[in-house]
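One-letter residues, chain by chain:
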Amino acid sequence: MTTLRLPIKVLLVAAMLTASCKNTLEVSPTHLVPEKNMWTTRNDARSAVFATYGLFRAALADNNAYLVYGELRAGDFKSAVRTDLSAVTTNQLNASSATLEGWKSWRRFYAAIAQANLCLEKLALVHEHDFRYTPEEMKLDIAQVRFLRALTYFYLVRIWGDVPLLTNTGDGNFTPVKREQQDKVLEQAMLDAQTALKDLPWSYYGTSPELLSNYWGQPGNIWQGVIGSKGAAYALLAHISAWKGDYLSAERYAHTAMDNKARGGYNLVDVSTLTGSADASTFSGQGANVIFALPFKNIYQESSGSGHIEDWTLADPYISRVTPDIYVPSDSILKIFNEPNDSRYKVGTDGIATGNYFAGFGNPVPMFTKIRMPGITGVDPLRLFQSAIVVFRYEELVLLRAEALLFLGKNEDATFQLNAVRAQRNLPDFKTGNLANAILAERRRELLGEGWRWYDLVRFEKLTTYTSFKPADIARGAQWWPVSKDVLSSGKEITQTKFWQQ
Amino acid sequence: MISPLPFNRLSILLLLAGMLRTQAVNARQTPADSLYKRTVWKNTAFFPQGKDTLPYRTVRALPYMYTGQLLEGRIAGVSVMRNSGEPGVAPLPVIRGLATPIGQYKDVYSNRPMYVVNGVPLISSNNPYALRIKSSDFTDIGSGIEVDALPDMNNIQEVHVLKGPEAVAIYGSKAANGAIVITTTDPETGKYHIGVNLYGGVAVKPAINTANGSYQRDLLLPFYNQYATPAQWKNFPAYLADSTRSLYFGPANWDDIYYRNAFQHGVGLSIAGGTNRASFRFGVGERTENGVADHSALHRYNVFYDMSIIPVEQLTINTYVQALTAKRNRNNNILDRLAEEEYYTNQQYPLSPNKYYLQQYYQLLDGSVDRNLANAAQAIIDVKYRLWRTLSIHTQGSIDYNDNNRDLFVPASVNDGNSYNSLFTGVNRRLRWNNFLAYDRKELHLQVGQTLEEDQLKYDYMRAYRGPSDFIKIPEVSTDSSFWITHGKELTYPYKDYQRQRTLSFYGNASYKWLDKYSATASLRSDGSSFFGNGYWWSISPVVSLGWDMKKENWLHTAGAIDALQLNVSAGRTARMLAEDMYGYGPYYTVGIGWTGAGKVSTYASMPTLGMPYGDGYTGGGIKSPYDEHLSVGVTATAFKHFNASLTAYSRTSKGLLIAVPVDATYGFSNKIVNGMGVRNSGIELGLQGNFRLSDDLYWSTGIIMSYNRNKLLELPEGLSSINYGQRHLEVGKPIDQFWLLQNEGIYKNDNEIPVSDRGKPLTYNGLTLHAGDPRWKDVNGDYVIDDKDRVMQGHITPPLRGGWNNTLRYKKWTLDVSFSYALGNQLLNSAVANRFDFANREGAEGLAGVKEVTFWQQIPNADKYPRYNPWSLVKPYQPEQTLFYEKASWLKLQALTLKHDLAGYGFVKGTALRKLQAYVTASNVFTWSPYTGGDPSLVDYFGYSSGYAQPLPRTFTIGITADF
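Chains A and G, in that order, give the protein sequences.
FYI, our numbering numbers position 450 of the first sequence as 450, with every residue one higher than the one before it.
Count along the second sequence from 1, add 1000, and you get the number used in our numbering.
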């Protein structure tokens, strides 16, 4: 039996039971980056910063949230086929629907803020680990992130009023946070925007003192309008100030942004650029009037079916569908575009309509075609769109300045600015009448479908005119969105907006 | 780059050296003990009490494909869940209850048992990591075939089910949900033996009540007449507007071409032979299950080779190799297709209920490609070398490979003018090396060993939209760049992923029997998994099992009525492997900047992004392996020679389970994943069996199986008392598979019926005032707001009581097997009906909600019993989650009948080489009794909804013959 020598047997058994455990079990994961591997190279910084942009874009694009918050509640658009959208257009925000729950949740906005906070805390680590990440680059990245944080908080305040204010990541501790007075939140947003303003360049052609080389090795035209710039920061500051009612500052910021339009690379454009589908049109995100927009370019595989107004407003022959989800009824069109010769849209006395804003005027359901950036052209196009979410554009800024001047009592200057836009749209100068109404009407026409109307009504204090809300409702917060069940149940310190309490 | 395996090469060399040396000396000796019991290597069952054995001969003749079908009603404690009768859709055997709640489809993997063939745990062909790229997760990505659950039914010797801690003790923490252990037939010695099994049959087309446009119109019109506003009238479904159109108002005979009588067949051939020193078995087989609906089918082809050699006396080498290829013809459901495409076509016009028009649609579909293919191969080698008389060393190595492929092309003609292509290839591979030393002396058995497993999973997935024509069915890419020749680059989305896991285990087992009546088995195992990159690699799993043969005691020895009485107790604390590698690495970064309907977008302005998993949930650093505490007490007895009874009471307490808990949304995360959920499954399993000889020729064996299982959520992390988890609501102290429902009490006919509180506040639904035409939901907490607080936890998705009644009658050369299975105490939500009434939100809706299959053209059973609510009401009156759609779904099924006749004694057989010849007929799924109105209640999705999308389980009849030469 014993044909093997004992030592061999012992060795055999011993060898069997030995294996180096630690090396065996150390397997790097391939579909995630553990904390210890992050923040080590220059590209980590880049990916983290652009994730902030991406998350902010996702917050606004999720079920067309930017449009739902900024426009649908005002009632210019109607929906015949979707109960969730008609609930919004009639301000019944307590209706039962999964999409409504999504819009009521601010989590996606706070994801952008969390990523911004993360970048602010950790970008310095990259600089420590990778000498190629220069202090100049880091400074600019921090400015980008601060700009985004300011912008995100500004959206949050406009949508929900008092919201939690958080400027750190918590690092895995999720201590409940209370709602903060909106003034405080806006103060933080102002601070962030002002800080960002200093380090952001006007443009990215490698000629600004803030950035003397190509940003991430890309030519300047790649970045035009789609990431933070001085112009965007000024526009943001002007808007935050106007929202606070500080029209003096608003005017100052808007003024500066306008004075530097050549450096910023933005200007007024004509209607064909505004409503066109070409690469340089406004809703490509890089039109000549765009100050800041969130792009969804096809060539980068960022186009999508959802998250675009076209997904709701178009039907045959543009996409295979009989009825669009939302539309502006013909009588509203007549009310909004009530001046002859408007190059955006006009209906002649003979009932013939011209302009690109709509198609099928007079039909029960006209189509809103102002924004039409199909990802695909040709017969039976795929439902894939690349229209950018335009956050700030020049015409809007000019009208904001007109509004600021109006509220500062400088009616003449205000009229001048208003007429600059009107002239661009083939309208005669405004001469007499209610200037405030004229500015508001001009914003309504110009910015239709871009997610401004609700905020405009709030700023102009016209909610009671255009909605069924009474002043008492507004006092209880009817202008804000309610928060979702999820936000309420997970946020121990979060309370429902008064008006929406059941 | 794959690093070389750290398998222990030194040990192999030494073993080889030893073998060569021995061979030289022993070559001329003959084996003393001629037959080494081969099943020992195939099934190293160190815990004899811990397993249940399937009486395989009673099911051998049935035309089954998946392992799960074998177990239904035949093994106590196994509850089979199945969401469709479609061939290729695998049933999920759940052993002793759900260990963790199923809130989303991927949780199925956390409840899936392990499949073992000849001692080798198989790697699954579907894995949750691949589901992360899908935005709707009701089916698997790829072919959907589960190759590890698709054994060669002709070659099965035994099927055991390990239900308790023994599974982990033997196979490691991946077997935490139990193990289904298949042992294949051994080689035979002597002259060649040939075995043949051949059957054919038919699955019978079901009868249904079809409907056409006029039925649908008559269904909708009363709602329109009563509630619709002019704007809503304008949206009256266009396809119902013109009742002269035969497209929708012609005869509703779609079922003529949708359903069919489907042919079933199978063949198995094997040949065995050899000497005491070397023997083999080789076989090939084929089996086809054609579905009755939608031309679905599953084909399986397989081959195996089993060989045993004893080159020298102390050395035994066993090898087993098997391979299979399976092909599935899938359903043509629009829902499945759009979910795969993630591109939602216009759903305003449904398919026609008339076969003339439907045929045209199917002709268009003929231009599509939907290839679903899965392949698997396993090779096992087991070497046993006797070192000393009582000490032997075993080395087992195995390679397990499978792939999973789906190639889909949808022509533009059925896809809104845009063709769609996708190609999925998943490859999974497991290398396993198991070495142990065994000491066997009389009543003492010891094992100590080590296992190393390396799992490599990867997939490539590519989707492309809008190809150039319906004749170009593959996307082609230029070889020298990422330039797409056929498709637009912006419309082509490639994905790939790779997951690797190493598991290193050490184990020791000991068993001892003394005084011939007490037995004890103990096992200690430590599994280390690379899934825990945070340093918590190791888990320890101790298991003890004690047996007491009471019949041997003096006080029972004399009791004549009792022939045997055995008490078994087992206890253990076993670890539970995570299903994915996403949690054990601490805080991590990933790509996640997509939004609803655009999850695939990964860049911003062309720049790559990397952020924290805000949508998926935060993972902290301290994730550890969950573990289960087991305790079971069982008694088995034989009395009056003919009666066997077994009774087992068990409890399995799972602790430290991972669960996503909500965090303050201000931090951006939707949740965080933490250990800390506790779930207890406890139950009683009862088996009663009687064997009776009714006359000299008539023999009857009958067995009743009852298993009662209750699960209970013991705790949630951080002291939470309730939580919403995917599609489930969980409350501490309640079962994890309950519905959370509004209590429906009728309808408000007038506005003045709406209750008003003392303070003048009318009843609202989530703040929305109720009106006439809204449901009368019970305000449980009396706060004049109907909301989630008024939902009540009730019912069970998994039946609390489940079992079967199995009979065998033998009369001379005739054998009849009759098998019933039943489920008692379960409920389901009839979402098929709820969705029909919810037309206001679904007619023409975009996305998956608006999809109508051709099976939509059926009448609603008991349509009159549902109140006529205002379907446009913003309170969602026809939401399925209310007692209106909650139905009892207990059932009793005559699941199988087999009649066998032995032909061996007949004259025509005599004088041939036939050792055995048997003819048989079978009938499966013969009849179902149930109070449920909406079809087969045994077909429910994992969330308790009966959606009506499932294909029925057909009644199937086969006739076959088995011969052994």
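Just so you know, not all the hints are guaranteed correct.
[To be verified] Listed next, the in silico BS3-like pairs over lysine-lysine satisfying Cα-Cα at most 30 Å (straight line):
no.	chain 1	residue 1	chain 2	residue 2
1	A	462	A	431
2	G	1517	A	122
3	A	485	G	1134
4	A	485	G	1234
5	G	1624	A	36
6	A	485	G	1734
7	A	485	G	1778
8	G	1600	A	485
9	A	178	G	1761
10	G	1458	A	492
11	A	335	G	1672
12	G	1672	A	184
13	A	122	G	1789
14	G	1712	G	1655
15	A	431	A	184
16	A	346	G	1234
17	G	1458	A	36
18	G	1458	A	78
19	A	122	G	1761
20	G	1134	A	36
21	G	1778	A	498
22	A	498	G	1734
23	A	492	G	1778
24	G	1458	A	485
25	G	1761	A	470
26	G	1789	A	178
Simulated from the structure, these hints should not be mistaken for lab results.
To see whether the hints hold, each was checked on the structure:
1. 462/A with 431/A: holds (22 Å)
2. 1517/G with 122/A: violated (67 Å)
3. 485/A with 1134/G: holds (26 Å)
4. 485/A with 1234/G: With Cα atoms ~34 Å apart, residue 485/A and residue 1234/G exceed 30 Å; violated.
5. 1624/G with 36/A: Holds, at about 19 Å.
6. 485/A with 1734/G: holds (22 Å)
7. 485/A with 1778/G: holds (20 Å)
8. 1600/G with 485/A: holds (27 Å)
9. 178/A with 1761/G: Roughly 29 Å separates the two Cα atoms, so the pair holds.
10. 1458/G with 492/A: violated (42 Å)
11. 335/A with 1672/G: violated (50 Å)
12. 1672/G with 184/A: holds (29 Å)
13. 122/A with 1789/G: The hint is violated at about 42 Å.
14. 1712/G with 1655/G: Measuring from Cα to Cα gives roughly 12 Å; hence the hint holds.
15. 431/A with 184/A: violated (40 Å)
16. 346/A with 1234/G: This hinted pair holds, its Cα atoms lying about 27 Å apart.
17. 1458/G with 36/A: holds (24 Å)
18. 1458/G with 78/A: Roughly 48 Å separates the two Cα atoms, so the pair is violated.
19. 122/A with 1761/G: violated (52 Å)
20. 1134/G with 36/A: Holds. Residue 1134/G to residue 36/A sits at ~28 Å (cutoff 30 Å).
21. 1778/G with 498/A: holds (25 Å)
22. 498/A with 1734/G: Judged against 30 Å, a Cα distance of about 34 Å means the pair is violated.
23. 492/A with 1778/G: Holds, because 27 Å separates the two Cα atoms, which is no more than 30 Å.
24. 1458/G with 485/A: Distance ~38 Å between residue 1458/G and residue 485/A Cα, so the pair is violated.
25. 1761/G with 470/A: holds (19 Å)
26. 1789/G with 178/A: Holds: residue 1789/G and residue 178/A sit about 24 Å apart, inside 30 Å.
Hint check: violations occur at hints 2, 4, 10, 11, 13, 15, 18, 19, 22, 24; the rest are consistent with the structure.
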